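> Using the hints provided, position chain B relative to the given structure of chain A.
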Amino acid sequence: MRKNFFRFALICVATVVSLSMPSCKGGVKDADIEKAITEKVTAMPDAAGVTSTVKDGVVTLAGEFKDDASRTAFEAAVKSIAGVKSVMNNSTVAAPAPAPVTITADDPLMKGVTDATKDFPGVKAEVKDGVITLTGDLKRSSLPKLMQALNSLKPKKIENKLTLK
Amino acid sequence: MALQDKYKQLTDAATAAGVTGLQVREQDNVLNIDGEAPTGAVKDQLWDIYNTIDPDFRTGDLILNINVSAMAPGAKAKVTTEKTNLNIRKGPGTDQPVIGKAAHLSTVTLISKTNDQWWLVRTDKGEEGYAYAQYLTVE
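Residue numbers (our numbering), protein chains in the order written: chain A, 64 to 228; chain B, 33 to 171.
Okay, chain A solo, but in the shape it has when bound (with noise of 0.2 angstroms):
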């Protein structure tokens, strides 16, 4: 009869034990793992735009990272933190920076816009560093043809100046 008691006071005390710690799967707590999260995003600047979420060991990342290289990289230092299961890495790459606009030369330029101008007799023109500035006067309705043609060769700038009738 007292045997019985002390095992069942055993079983009682491991029960009430294990209840009480139910987020200390593997011993770390995922507070502990949010905590070296901040640390490694404190460290890699590139990082700065990743959130993060923990539940259970398993470490979710979203946001974006600058370039692949980093991204990679991020995620590799997260696996590393003692206690994370997993890294579900739905984070994005951003898109490369856009090329610079290429301006044509102004001797080229000139030229197209010798061409674009020729049919509209009272438009004067000139090139200079690429900008293309207009004087003169034209019809209202021929020029978004003009412009057209002169936005097709690929100024830096149009300054239209033109006195439209």
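Worth flagging that the hints you see were computed from the coordinates, not collected in a lab.
Warning: the hint list may mix true and false statements.
[Unchecked claim] Pairs of lysine-lysine, DSSO-like flavour, derived with a Cα cap of 30 angstroms: (1) A:K174 / B:K110; (2) B:K38 / A:K228; (3) A:K191 / B:K38; (4) B:K40 / A:K181; (5) A:K148 / A:K92; (6) A:K181 / B:K115; (7) A:K202 / A:K217.
The model shown is predicted, which means the values in this text are computed figures rather than measured ones.
Okay, now just chain B, sitting in the frame of chain A:
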């Protein structure tokens, strides 16, 4: 960013109308919008929006470079001059001699593109030479 906001209606319309290769870049306080419209009508629509946002294109803060993908070798194009005949030239440039004329609203066949301004074309009378792309409209 302010320029992108100013012309947002234009870029949104370009996307909605199926403009491909759309690039929106800001450089030296000028917004550059490049892309290829499926038809000349879409290009005209975008230019109408530009003219609405910036009446008479006065501000000089946008370069809108929209080509038309229907302008392709083998396509038929209408001569859309205001009212005159279109010069057919020996080479791509108004400094080149005129070797023929394509009548106003006649149809020419596109042979090959020299650049965004000039196309080698064949007129309905069989003359071959270079024509100014601005006056050619593929329907």
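> All hints are to be evaluated individually against the structure, with a verdict given for each.
Structure-based check of each hint:
Restraint check for A:K174 and B:K110: satisfied, since their Cα atoms lie roughly 25 angstroms apart, inside the 30 angstroms limit. Of the pairs offered as hints, the one joining B:K38 and A:K228 holds, with about 27 angstroms between alpha carbons and a cut-off of 30 angstroms not exceeded. Note on A:K191 and B:K38: the hinted pairing holds, with a Cα-Cα distance of about 27 angstroms set against a maximum of 30 angstroms. Proximity of B:K40 to A:K181 is assessed by CA-CA distance (about 33 angstroms); at most 30 angstroms being required, the pair is judged violated.
For the given pair, A:K148 sits about 12 angstroms from A:K92 by alpha-carbon distance, which is consistent with the 30 angstroms threshold. Simply put, A:K181 and B:K115 have alpha-carbon atoms about 15 angstroms apart, close enough for the 30 angstroms limit, and the pair holds. A distance of roughly 24 angstroms separates the Cα atoms of A:K202 and A:K217; the hinted pair therefore holds under the 30 angstroms criterion.
The structure fails to meet hint 4 from the earlier list, while all remaining hints are met.
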